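Please construct the entire structure, taking both the sequences and the accompanying hints into account.
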Amino acid sequence: MLKRLTGDDDRSGVGDAVLDDLPPGPFTVAWQREPGWTMPAPGWVDGLITAGETSAAAVTFTVLPTWPFATVRLEAGSYTMGSAAPEPGREADEGPRHEVTLTRPLLVATTELTNGQWDAVVRGRVDDPTIANQPVVDVTWYQAVEFCNAMSAADGLTAAYAINGPQVAWNPDADGWRLPTEAEWEAFCRAGTQGSLSDGELSRLDMEVDPVLSFFGWSAANSDNQVKPVRTLLPNPMGLYDVHGNLLEWCWDRYGVSYYTADPATDPTGPVTGSDRVLRGGSFADANQRLRCAARAYLDPGAAVGIVGLRPVRNAPVVKSGGK
0 MLKRLTGDDD RSGVGDAVLD DLPPGPFTVA WQREPGWTMP APGWVDGLIT
50 AGETSAAAVT FTVLPTWPFA TVRLEAGSYT MGSAAPEPGR EADEGPRHEV
100 TLTRPLLVAT TELTNGQWDA VVRGRVDDPT IANQPVVDVT WYQAVEFCNA
150 MSAADGLTAA YAINGPQVAW NPDADGWRLP TEAEWEAFCR AGTQGSLSDG
200 ELSRLDMEVD PVLSFFGWSA ANSDNQVKPV RTLLPNPMGL YDVHGNLLEW
250 CWDRYGVSYY TADPATDPTG PVTGSDRVLR GGSFADANQR LRCAARAYLD
300 PGAAVGIVGL RPVRNAPVVK SGGK
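Going by numbering that gives the first Met the number 0, the first residue of the sequence shown is number 0, and it counts up by one from there.
Don't read these hints as lab results, they were simulated from the structure.
A portion of the hints provided could be inaccurate.
Said to hold, decoys possible - As a list, the in silico EDC-like pairs of lysine to aspartate or glutamate whose alpha-carbon atoms are at most 20 Å apart:
| # | residue 1 | residue 2 |
| --- | --- | --- |
| 1 | 227 | 127 |
| 2 | 319 | 174 |
| 3 | 319 | 74 |
| 4 | 319 | 172 |
| 5 | 227 | 74 |
| 6 | 227 | 207 |
| 7 | 227 | 137 |
| 8 | 227 | 98 |
To be verified - Beta-carbon label-pair distances, calculated as ranges:
| # | residue 1 | residue 2 | range |
| --- | --- | --- | --- |
| 9 | 145 | 21 | 33 to 39 Å |
| 10 | 27 | 230 | 27 to 33 Å |
| 11 | 163 | 303 | 19 to 25 Å |
| 12 | 257 | 236 | 29 to 35 Å |
| 13 | 225 | 163 | 34 to 40 Å |
| 14 | 303 | 90 | 32 to 38 Å |
| 15 | 125 | 214 | 25 to 31 Å |
| 16 | 122 | 23 | 22 to 28 Å |
| 17 | 316 | 223 | 38 to 44 Å |
| 18 | 46 | 275 | 58 to 64 Å |
| 19 | 46 | 191 | 37 to 43 Å |
| 20 | 260 | 85 | 17 to 23 Å |
All values derive from a computational prediction rather than experimental measurement.
Backbone N, C-alpha and C fix where the C-beta goes; we use that ideal spot for every residue, glycine too.
Now the structure itself:
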């Protein structure tokens, strides 16, 4: 851990450090926050150097516990999809703006899938406990659907996918874990809002810090071009973290540039043909514009990229009236 000694003359060191030839007098050893580790309180140690004697200071860092897997519920209903023509940063494939009806309530993971959560189901992907709370990256679309099936098996649920090599068939009635459709993704990202962001309006489209987005979205403006641990910024109104930025998230749908002009009004699932799959949310490496609710991206399903991950969902049990 980085520790800094301040007094009459400043020194710095990483890990164990022996500092010789310091003048007698008071000193302070302070340390900075390190991703994946606790921040020992209060953040510094005071001491006194006496002439001819040695003074020592030490603190103990521990690995942060892994965030447990948790979900929030998205109810069935009608939701806005796409952006309005005047929205700054709007791309042609985001229109026309329209209403879609989702007939299946969902359980949505509160965070992008983390390394620790992946390893709880499929062992051996990550051996560094300090990145357990960072989201899984370099996951292809095919690996994502395979993981969803493995997660379903671990939870005793019916697999959502029948996988035969590159051919993947989805059973929409299965209760197992799966990728969201593009319409479902935008519904839980927006969380009932209508603006360019789920918590307000974007004023900076570039790679400079936006006064609204910076509170809940990791982009090229504030990420230092690094993936961040989940739950380090504020969630959207639905309680979902990093729907704006950090990682692009795989969706079920194939990508179609003009799909919104002809998509079904009820439970759209994307074009029936096409090679690329949809990504949503923007990433830590993107300009702010790409983190808007309606912004769309796409990628070859066999590509593994360091700015792409996943957020599992599954069909939620239907709550019957009267509690029966």
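Name the hints, by number, that the structure is in violation of. 5, 8, 9, 14, 16 and 19
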